[in-house]
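What follows is the residue order along each chain.
2 protein chains.
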Amino acid sequence: MRILVLGGDGFCGWPTALHLSARGHEVAIVDNLSRRRIDEELGVQSLTPISDIETRVAAWQEVSGRIIEFIPLTVGKDFDGLLDILRTWRPDSVVHFAEQRAAPYSMKSAQHKRYTVDNNLNATNDVLAAIVESGLDIHLAHLGTMGVYGYGTAGASIPEGYLTVKVETPDGWVEREILYPANPGSIYHMTKTQDALLFQFYAKNDKLRITDLHQGIVWGCQTAETRMDERLINRFDYDGDYGTVLNRFLIQAAVGYPLTVHGTGGQTRAFINIQDTVRCIELALTHPPERGERVKVMNQMTECHRVRDLAALVAKLTDAEIAYLPNPRAEADENELAVENRRLLGYGLEPITLAEGLLLEATEIARRFASRADLSKIPCVSHWNAERAAAAGGAPPPSPKAVAAE
Amino acid sequence: MRILVLGGDGFCGWPTALHLSARGHEVAIVDNLSRRRIDEELGVQSLTPISDIETRVAAWQEVSGRIIEFIPLTVGKDFDGLLDILRTWRPDSVVHFAEQRAAPYSMKSAQHKRYTVDNNLNATNDVLAAIVESGLDIHLAHLGTMGVYGYGTAGASIPEGYLTVKVETPDGWVEREILYPANPGSIYHMTKTQDALLFQFYAKNDKLRITDLHQGIVWGCQTAETRMDERLINRFDYDGDYGTVLNRFLIQAAVGYPLTVHGTGGQTRAFINIQDTVRCIELALTHPPERGERVKVMNQMTECHRVRDLAALVAKLTDAEIAYLPNPRAEADENELAVENRRLLGYGLEPITLAEGLLLEATEIARRFASRADLSKIPCVSHWNAERAAAAGGAPPPSPKAVAAE
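Chains as they are written, first to last, in the numbering used here: chain A, 1 to 406; chain B, 1 to 406.
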């Protein structure tokens, strides 16, 4: 299969590109390296020393004998360039990671809200419009988020994208299947619910084949491929904006920083290990929807945990302390969550679940590179609204400032 | 009340600004004149000879003694400028018309899809983010569209924004009220469904007071205020992109062009006269939601008609012929439509309904300026997808070309 990976230099994109290449697919990466520029803006760096993209693809060729082409381009801005790539490279599938993916970053200031909306929606629309314009029957697989559903609103297990409801008609209450009602918790999550409307429209109007993968919180860092050579190492974020909760606990434990639990830690979240992420994407690409079918939505997660239970588990393993802090997010203190993920399991996914052994492996990475961590970047300084900022000690919301240009 | 009208130079924006000013409110217009540049791009002009904005506001001052300030600015691009206006001008309400509003234009080519998504979503997000940043308790009233609902999907009357459904829970089927499931028919309509998610988020996260007015198809041209002086005349669009169906029939009849009915003409649509549009907006502004309340959605329409019935009515009045053409839109040939509009009626709206007398008045305008019409601009040349383009006679979809810069 010929696969174009948009955003293939990022935390999920890079190991996905390597995995697909290792599995025998022809892979090219399109990326504008915006994630690296955001590191500069935030004054932070990946805990792991990641190589530049040219070194990465050269190392991969050396190690595997396989070529991954890198094409620098801003998806969402350079439409003609993107269309030209589709027409000349002729992918069977496009994997779309080319979005700003951190909820706290999207809430830092008005400028960060603007950047996230502008970047994510124009990127998704450009990809869809370019596929239509190319006239090629390309399957698009997009990385969505479990956050499109909101948390625990239905009192039942969250289905895969669509919800059966009863609506009142002149003939009484009848069953209808609708796109799951969106209840996003941040500007970032909201853009993914807006993406879902783009997908619904293009699938209906132009019969595009589209898969939307609503992913849980990713933990872990390395995969079989990124471990093959130090130059292939994957990024590990630990800062208050881009670090995901479990990975943050691991580095906090490694450097002797109390584990930062927001609110009561009663938030239940869906999780997936990075090694399952890359497998799920290949499973999605090898099981595309038919032309004319509605958008295929799959929940890409393997288990649910409460944040305070994760903190307790890491504390037990590492003797770390736990600090309960005011929650910068506007969200419920406690929620239940159950999620259906039968489709990917049905295609053969064997989930890696949270076990002490795997946590220890990730802890190893955290310890090995602990000296690269800047402890001042650990706190979450992005507050969801004026009320949450005040609750955090009267600090005003950060004022607008220049953000990384795309 | 101090009211900022974003997009106040357009077809609905201009008569709204005049009406609000005539009713004693302090009004300022923010507009980048993009609609006039799109006329240039399409090689078409308003049937009525509209004055430039400077002449318009000067004439209004001469005629009424009241000042409407004009502030040139691109909403969605110049965020600092917009925030500065909010902080210094300190409006009580903002009316948001600053979006690309033609479905056929939004479907002309990939570049037109891109312009519509980029313009509309960044504009709406900028307005919301700027209100948050200003710290002012400003009420935002936005012009949505009946098209967010799709047409005739529920088999019941379309409610005002929210739908009561039953969802299955561990305790059985329970009632929930959800945002009406979106089923947009074009990229333009889709951006309005994405706007609705922006409103939902900002109302929840920042307690902004927001009203979303889902408007029917506007017909007519003049209002009490635009009739006061020739320099205040409102725009009248008749071309295949921006002309609305009933107004198009009237000009077609006036110039002896067969009335262009797409498909069977069995599409049922919601309508409103321009004079009711301006009244509804004042009613919305004087009945804002409370802080912390969810988004207030009202259906701004007064009656429903089938397109072929309108054609028959105009044909009877004017002896025009009717031409049935292939439908460039991907939509059902026939649909039923019933709409609830109790809220605006409850606030005192007395609807102007489609009567022969009013049609004749609009026909007068059409006849008076018929010599300005370019008949070659009447056909709809924008096709929704490759299939519809082929059905129209094998013509390929228009290729991408430069669109009006914002």
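Be careful, since some hints might not be right.
Straight-line distance between alpha carbons at most 25 Å, and here's what the computed DSS-like set of lysine-lysine pairs gives [said to hold, decoys possible]:
#, chain 1, residue 1, chain 2, residue 2
1, B, Lys166, B, Lys204
2, A, Lys166, A, Lys204
3, B, Lys77, A, Lys166
4, B, Lys166, A, Lys77
These are computed hints drawn from the structure, not numbers from a lab.
Hint-by-hint comparison with the structure:
no., hint, result
1, Lys166(B) with Lys204(B), "holds (23 Å)"
2, Lys166(A) with Lys204(A), "holds (23 Å)"
3, Lys77(B) with Lys166(A), "violated (42 Å)"
4, Lys166(B) with Lys77(A), "violated (42 Å)"
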